[in-house]
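Q: Here are the chains, one letter per residue:
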Amino acid sequence: MHIIACIKQVPDSAQIRVHPVTNTIMRQGVPTIINPYDLYALEEALRLRDTFGGEVTVLTMGPPSAEDSLRKALTFGADRAILLTDRFFAGADTLATTYALATAIRKIATTYGAPDIVFTGKQTIDGDTAQVGPGIAKRLGLLQLSYVARIVSLGPTTRGIEVERRAEGGMQILRGRLPCLVTMLEATNEIRRGSLADALRAARSTIVKWNAQEVGVEDMSKCGLRGSPTIVKRVFAPTARTEKAALIEPGGREPAEALIEEIFKRQPKLESDLVTLARGF
Amino acid sequence: MTEPTKTPARPPAGRAGAKKELPEHFKAYKHVWVFVEQERGQVHAVSWELMGAGRKLADKLGVELAAIVLGPSGAATSGLAAEAFCYGADLAYLVADDVLADYRNESYTKALTDLVNTYKPEILLLGATTLGRDLAGAVATTLLTGLTADCTALDVDADGSLAATRPTFGGSLLCTIYTLNYRPQMATVRPRVMPMPERVERLVGRIIEHPLGIVENDIVTKVLGFMPDRDSAKSSLAYADVVVAGGLGLGSPENFQLVRQLAGVLGAEYGCSRPLVQKGWAAPDRQIGQTGKTIRPKLYIAAGISGAIQHRVGVEGADLIVAINTDRNAPIFDFAHLGIVADAIPLLPALTEAFRRRLSPHTRDRIAS
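Sequence lines, in order, name chains A and B. Using the working numbering, you'd call the opening residue of the first sequence number 1 and step up by one each time. Using the working numbering, you'd call the opening residue of the second sequence number 1 and step up by one each time.
Extracted from the complex, chain A is given alone in its bound form (with noise of 0.2 Å):
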């Protein structure tokens, strides 16, 4: 089996801090991250790998600087890292990145050999937005099955794959083919802590680095700011209310009964809808 993991470096969205003058992120000094949501592909990556047998990929479009958090893949257990970077990459929405990643997965597939499943997580921290997997199972032709939340079967052999696949209000069950891309849903297995053997073989690999040329980008149009059809015209903090919360000063009384009555003198009508609510449970 041959899977790719890709995965990506973020600010640690904990420690990010915005300047309260010019709205620009303060990014120096916040510390990076491999996205959280990632790890639970890696991991699953690792997991079939383990049973299967073959190798885990691990892909990362970013720049020179994620070497870390591909470093830090390879200490988990990664077979091989691989980093995209190139000036011509930077400024892309999820569309131009999928093109690059799925550039970036045909020449894995020439060189180290074709995947049969390829991860992403489900999302990302920063961005949030959940197309990339699905914009990269587009562009390759690979069967999406996204929001996994368990492997419940695969045969290397048949190429069948069964899922349990989040959905609303339900698990879904189904079957597919290899090869396929899953995005992975948290939660669903813990990242291993890697072995001294891994760390040591980590610290002694080379990250693979190919820029849009080497990858064999072939359109330049279509890379980075160029290629995004989403425009950011306007970054803002939001305008804050006019009106600051009115604080209560309990004076006298118990603070948990003055909060009460100042509920309910707001909203009349909502002591008789929670007394409904209150006496169906």
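One thing to keep in mind: the hints can contain errors.
[To be verified] Derived DSS-like pairs (lysine-lysine); straight-line CA-CA distance at most 27 Å:
no., chain 1, residue 1, chain 2, residue 2
1, B, K120, A, K222
2, B, K298, A, K269
3, A, K265, B, K298
4, B, K279, A, K72
5, B, K30, B, K60
6, B, K298, A, K244
7, A, K222, B, K30
8, A, K222, B, K27
[What the hints assert, rightly or not] These stretches of chain A come out as covered by chain B in the derived footprint (C-beta under 8 Å, 3 or more residues):
no., segment
9, 45 to 57
10, 124 to 131
11, 156 to 167
12, 210 to 220
13, 223 to 236
14, 244 to 253
[Stated by the list, open to error] Which chain B residues stay away from chain A? Per the calculated CB distances, all over 12 Å, these:
no., residue
15, E24
16, H31
17, L61
18, A75
19, A76
20, S78
21, G79
22, D98
23, V139
24, G160
25, V200
26, G205
27, I207
28, G251
29, N255
30, G307
It should be emphasised that the hints constitute simulated quantities derived from the structure, not laboratory data. All values derive from a computational prediction rather than experimental measurement. In this text, a Cβ means the ideal position worked out from N, Cα and C, and glycines have one as well.
Please build the complex by placing chain B on the supplied structure of chain A, with the hints as guidance.
A: Positioned in the frame of chain A, the structure of chain B alone reads:
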């Protein structure tokens, strides 16, 4: 979406400023479409919320609003088209085929891309549900057009372009995104972000039927079954009338119980802010905010939640937001209606007790007599 990487305060150089004319072959693209999401006979309420938003866009553009209805052949599916007229659609495009009985990416992508290529809409809106996101990403890539995910506001600017606003950078800022030179302009919106329009009984409306053009044997994916969620309450958080939520100010995972207890007395749903999910104190489906659920309850009580923008965009539609926080300067007091500077840990049980007394039938009967 586009992820501006360098100087987000300025538009990308040489792109947003220089507005090219729409390519000739896209000029035929007219009208606003809303995808009506149904699964196993159940229509998702987000479809009607979007119909309300789509109606406003169509009126502003002076064009028609169409409902896109895909499903198995039969009265249930065509009934959805009629229902769409009651929520404001002028017409409906209907692909009714038993191959579409269950949602599968292959068949639904085929049906929707065929409709777009045949009837050419300028705007296409879908719900940002698991189904809608799965479908929208595939359709936008197939059509090679722009798609803006999880919009919190939709508008049409002076020259008729769709202005789609969404949170960016993990919800710390908002951005407005355009798809200027491609059609259709696609966007997804999460459930409960747009208000539910009033349902008005209407019988008028045209239904245009379109064939699917593939048969079951053409489709690789087979649906083997469906396991409904055991905890049916999980999916009702977005549509709850009363919601109580807790944040990091609770101090420990054990104290999250205090939130659940107050919710229990109120017959409410409980939720949490994003850090609690990241810390593993609460399940991901309880998260309220941009990356979790958007809510529009009559009453929202936020305990120990500071009120980051990504949380704010998920709760702003609430009728009454009540904030409990020890920090007088917490951003949540900027958008809550009512606040109390207090420690939630003693206040929550006190509220639970006070509400219990107030709402108990015994107390009420006594007051009445």
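Q: Okay, which hints does this one fail, numbers in order?
A: 9, 12, 23, 30
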